[in-house]
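*Asks:* Chain by chain, the residues:
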Amino acid sequence: GENVEQHPSTLSVQEGDSAVIKCTYSDSASNYFPWYKQELGKGPQLIIDIRSNVGEKKDQRIAVTLNKTAKHFSLHITETQPEDSAVYFCAALYSGNTPLVFGKGTRLSVIA
Amino acid sequence: DARVTQTPRDKVTEMGQEVTMRCQPILGHNTVFWYRQTMMQGLELLAYFRNRAPLDDSGMPKDRFSAEMPDATLATLKIQPSEPRDSAVYFCASGRDSSGETQYFGPGTRLLVL
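Top to bottom, those sequences are chains A and B.
When you line the first sequence up against the working numbering, it's residues 1 to 112, in that order.
When you line the second sequence up against the working numbering, it's residues 1001 to 1114, in that order.
Take these hints with a grain of salt, some might be off.
30 Å max Cα-Cα, derived DSBU-like pairs, lysine-lysine [to be verified]:
#1 B:1011 <-> A:71
#2 A:42 <-> B:1011
#3 A:22 <-> B:1011
#4 A:104 <-> A:71
#5 B:1078 <-> A:104
#6 A:42 <-> B:1062
#7 B:1011 <-> A:104
#8 A:68 <-> A:57
#9 B:1078 <-> B:1011
#10 A:104 <-> A:42
#11 A:37 <-> A:68
#12 A:104 <-> A:68
#13 B:1078 <-> B:1062
#14 A:57 <-> A:104
#15 A:42 <-> A:57
#16 A:71 <-> A:57
#17 A:58 <-> A:42
#18 A:57 <-> A:22
#19 A:104 <-> B:1062
#20 A:58 <-> A:71
#21 A:71 <-> A:37
#22 A:58 <-> A:104
#23 A:42 <-> B:1078
#24 A:22 <-> A:37
For the record, the hints were derived by calculation from the structure and aren't laboratory data.
Build out the structure end to end from the sequences listed, making use of the hints.
*Replies:* Pasting the structure below:
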C-alpha cells in the first residue's frame, strides 16, 4: 500500500522567512496530493492540493511542487506570519478505491 | 457554512467505561472517516464508510472498538471497555467525492481515560 514520509517533524522559522516541508510517497500511481493545516484545538483543514498532471501550484503565500520522477512533493510558505504556526500534514491518494494516506505531520512555529 | 460536527468535544471517563462518540457529516457527503490522533502516531485511520457501508476498519482494535452509521446523518464510534491507552483526540471527517479526495474534518473529541 501507499506510504507517505514527511520531514521535518518540527520546524521553527523567523517571521518573514520561508518554510519548506517535504513529503515522499511510495506508490507511483498516486495522483492527488493535498496539504492540510491543523491549528491548535481544531481539526485539519485543506489549504492547497496538487494533481499529478501539474508540477506546481500557488495560492498567495503558499505553493506546492510535485516531482513525479522522484516521488516527492513539497509545501512552501513564503513571508511567514505568526498565524502560520500550526501542524501541517501532507497526504497522497492512490488512484484505486482507497482513502488518503497522511504523513506524520510537521509542527511549524513562526517566531515573531 | 456547512461543517462536520462532533459530540462530545471533551470526555473524561474511567477505565472500563463505555464511550460513544458521535459525528454528523456534512449534508450530502457520502463518505465518512474516523481518525485517532496522538502525539506519537499522528493521524491514524480507524475506519471509513461510503454510502453508510463500512469499507475498511482494519485500523481499529476489533475487540473493543466499533463504528456504525445508523443513518446518513449520524456516524458513531464506540469503545467498550475503554482503556487509558485509548486517550487521544478522535476526528471524524466527511467527503462528497467517491474517490475520497477532499476530506472535511470535524473539531474532534478529546478523550481521556483515567
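*Asks:* Decide, hint by hint, whether the structure agrees.
*Replies:* We went through each hint and held it up to the structure:
For the given pair, residue 1011 (chain B) sits about 41 Å from residue 71 (chain A) by alpha-carbon distance, which is inconsistent with the 30 Å threshold. With a CA separation close to 16 Å, the supplied pair residue 42 (chain A) and residue 1011 (chain B) stays within the 30 Å bound. Restraint check for residue 22 (chain A) and residue 1011 (chain B): not satisfied, since their Cα atoms lie roughly 35 Å apart, outside the 30 Å limit. A hinted pair counts as satisfied when its Cα atoms are at most 30 Å apart, and residue 104 (chain A) with residue 71 (chain A) qualifies at roughly 17 Å.
Annotation: proposed proximity of residue 1078 (chain B) to residue 104 (chain A) holds, straight-line Cα distance about 25 Å (limit 30 Å). Between residue 42 (chain A) and residue 1062 (chain B) the alpha-carbon distance is near 27 Å, which keeps this suggested pair within the 30 Å criterion. About 25 Å separates the Cα atoms of residue 1011 (chain B) and residue 104 (chain A), which keeps this hinted pair within 30 Å; it holds. A threshold of 30 Å between alpha carbons decides the hint, and for residue 68 (chain A) with residue 57 (chain A) the separation of about 14 Å falls inside it, so the pair holds.
Taking the CA atoms of residue 1078 (chain B) and residue 1011 (chain B), the gap is about 13 Å. The hint holds against a cut of 30 Å. Proposed proximity of residue 104 (chain A) and residue 42 (chain A) is supported: the alpha carbons are some 17 Å apart, at most 30 Å. Among the hinted pairs, residue 37 (chain A) with residue 68 (chain A) is consistent with the structure: their alpha-carbon atoms are about 23 Å apart, no more than 30 Å. Distance hint between residue 104 (chain A) and residue 68 (chain A) is fulfilled; the C-alpha atoms sit about 21 Å from each other, no more than 30 Å.
Only pairs whose Cα atoms come within 30 Å are accepted, and residue 1078 (chain B) paired with residue 1062 (chain B) is accepted, the gap being roughly 11 Å. Among the hinted pairs, residue 57 (chain A) with residue 104 (chain A) is consistent with the structure: their alpha-carbon atoms are about 23 Å apart, no more than 30 Å. At roughly 26 Å between alpha-carbon atoms, residue 42 (chain A) and residue 57 (chain A) fall within 30 Å of each other, so this suggested pair holds. Between the alpha carbons of residue 71 (chain A) and residue 57 (chain A) the distance comes to roughly 16 Å, so the proposed pair stays at or under 30 Å and holds.
Annotation: proposed proximity of residue 58 (chain A) to residue 42 (chain A) holds, straight-line Cα distance about 25 Å (limit 30 Å). Between residue 57 (chain A) and residue 22 (chain A) the alpha-carbon distance is near 15 Å, which keeps this suggested pair within the 30 Å criterion. Distance restraint check for residue 104 (chain A) and residue 1062 (chain B): the Cα-Cα separation of roughly 24 Å lies within the 30 Å cut-off, and the hinted pair is therefore satisfied. Taking the CA atoms of residue 58 (chain A) and residue 71 (chain A), the gap is about 19 Å. The hint holds against a cut of 30 Å.
For the hint pairing residue 71 (chain A) with residue 37 (chain A), the CA-to-CA distance comes to about 22 Å; that is within 30 Å, so the pair holds. Among the hinted pairs, residue 58 (chain A) with residue 104 (chain A) is consistent with the structure: their alpha-carbon atoms are about 23 Å apart, no more than 30 Å. For the hint linking residue 42 (chain A) to residue 1078 (chain B), the alpha-carbon distance of about 21 Å falls within 30 Å, and the restraint holds. Among the hinted pairs, residue 22 (chain A) with residue 37 (chain A) is consistent with the structure: their alpha-carbon atoms are about 14 Å apart, no more than 30 Å.
Of the numbered hints stated above, those contradicted by the structure are hints 1 and 3, listed in ascending order.
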